[in-house]
Amino acid sequence: MQANTRAVYMLPYYVWIVLFVVAPVVLVAYYSFFDVDGNLTLQNYRTFFTPVYMQMTLSSFWYAFLVTLFSLLIAYPAAYLLTRTKHRQLWILLIILPTWINLLLKTYAFIGIFGTYGPVNALLGAIGIGEQQLLFNAFSFVFVSVYIFVPFMILPIYNALEEMNPTLISAARDLGASGWTTFRRVIFPLTLSGVKSGCMAVFIPSLSLFMITRLIAGNKVITLGTAIEQHFLVTQDWGMGSTVAVVLIIAMAVLMLLTGGFGQEVRHGK
Amino acid sequence: MKTISRMFIVIIVAALLLMYLAARLNVSQGYSGSNTLTIYNWGDYIDPDLLDQFQKETGITVIYQTFDSNEAMLTKIEQGGTTFDVAIPSDYAISKMREDNLLLPIDHSKLPNLQNIDPSFLNLSFDPDNKYSAPYFWGTVGVVYNPKLTNLKFHSWDDLWDPSLRNNVLLTDGAREVMGMSLNSLHYSLNDTKEAHLQEALAKLKLLTPNVKAIVGDEIKMLLANNEAAAGLVFSGDASEIMSENEDLDFVVPEEGTNLWFDNMVIPKTAANIDGAHKFINFMMDPEVAAQNAEYVGYSTPNDAALKLLPEDISGDERFYPPADLTDRLEVYDNLGKKMLVHYNELFLQFKMNK
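Note that the protein sequences, when read in sequence, are chains A and B.
Going by the numbering used here, the first sequence opens with residue 1274, and the numbers climb by one from there.
Going by the numbering used here, the second sequence opens with residue 2, and the numbers climb by one from there.
No lab work stands behind these hints, which were simulated from the structure alone.
There may be inaccurate statements among the hints.
Okay, the calculated bits of chain B under chain A, using three or more residues with CB under 8 Å as the criterion [stated by the list, open to error]:
no., region
1, 115-128
2, 190-203
3, 225-233
4, 345-355
Note that this is a predicted model, so its numbers are computed, not measured.
We put the beta carbon where it would ideally sit given N, CA and C, even for glycine.
Model the full structure from these sequences, guided by the hints.
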């Protein structure tokens, strides 16, 4: 009876996973073997391994890496400070709040803020640095992406820091470790799981960013996401679009395997 | 256990109910019958007074719906369940609808006002002999520039390559528009499919890279109106919108020629009131009606008789009604087929990747 009940409880999840996880992935993989005219072919994969797409893949990974790195550099100290502040709940709410606003709206706001006649340039002009071109370059792309993704990095790290036993820090100091050594040998290793899931939550979506590449970077940054969008919406070359998507899925799976993302929950259970 | 199964039943019942409702809504959206006419047009693309006038003259009740892209319109008509009697898609969408058998032929004997249309806007490649469509508005692709930000007197596509415009040019994110511009500047057709010519066009585009500030979508209107760049590649319809927001700006159709685009009236296959649809199409081609509409919308009218009724400052504006020697060099985008379109986009992507 018990096993039966469990099976029934699980049923909605199985249905969900088959319909919305397995089926789309299978469909994407299936479409990637067809050309524009609907012929079965491997040509899409051959096209992918040409310099144009290789360069695009490299730049996608490079920018995703930059976005993750800067998010981590901002998020770790922020999460650490969060654990020491008085009104934690309020601060967390303030960090989460921007994620309630539509991504496109936030992006559009930056076009105004970074514009030639926007407030940032007015400030730069007033303090004597002079007008800079802030929009349509790699800087603005990384800046806006980090702004958008930073909450997803802060929260897991904050949770990991919260879970840590504070007496361990006192113990480390008692045993003569300096502040830096305590951080490096005790705090950071203990929060590594939070850092890992934060990096995953930032790196994977930023690999396939597309709207920001056009709105903020003016297509000066081209990622695989841009290519997928173009193939599905403009050329209707679903095969090539799917091929790019398949390569992204494989890349992400490999990344998760390498960083041990899959096994994490089990280890926690011990 | 019980609660779970109950939940399941509730969800399934709710889903079925929604499906039924959606089906009902789709049907009722299109009110059939001879006394109503459902029109499907771009947003803000008709003088609403004319709809009232049409209703008064014919006694037909108009149901007016809008779309914001050809693709959205195509999807909705393809899906069926709608009874749009008249739709106003652009040239390439008409060509696609024709191929997919989504259109009904128009009866020229019911459209006496078709004779008002300038013959050079009839019988074009996307609809030979105007079997399925009647022109509504037309336009070009050209350059909006800001004389306060550049001393160049624009007249040629090559002006965009001028070194003084370094990092000061905005482009529309469209493969056909950008490749077409480069092909035109080399005095090739913008429908060229010769590989050597396309490669030449790409090589020339790569020289433009230092001048390109950004390749953007609809935001180009806002950016140009805000003086973010000295020049931009835009559709003439967008140009008149930008210029009404920022009076410093000017528009030019380069002398080498450019794209000529159309929005034409068609009768989708799903139409219920075919007779009323013809009445409406004929009504919109009436000289006075077309003139009033052109003045309201601000696009270029293909209606010769209406053009004569328009005030001189509109009909004499060579930016939107280019002189005959230039209109001869304008070309409609031919349907190059999916394979060529993919190739155009591949080349455009290579240009975008160029640093």
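Tested hints:
no., hint, in the structure
1, 115-128, "violated (count 0)"
2, 190-203, "violated (count 0)"
3, 225-233, "holds (count 3)"
4, 345-355, "holds (count 6)"
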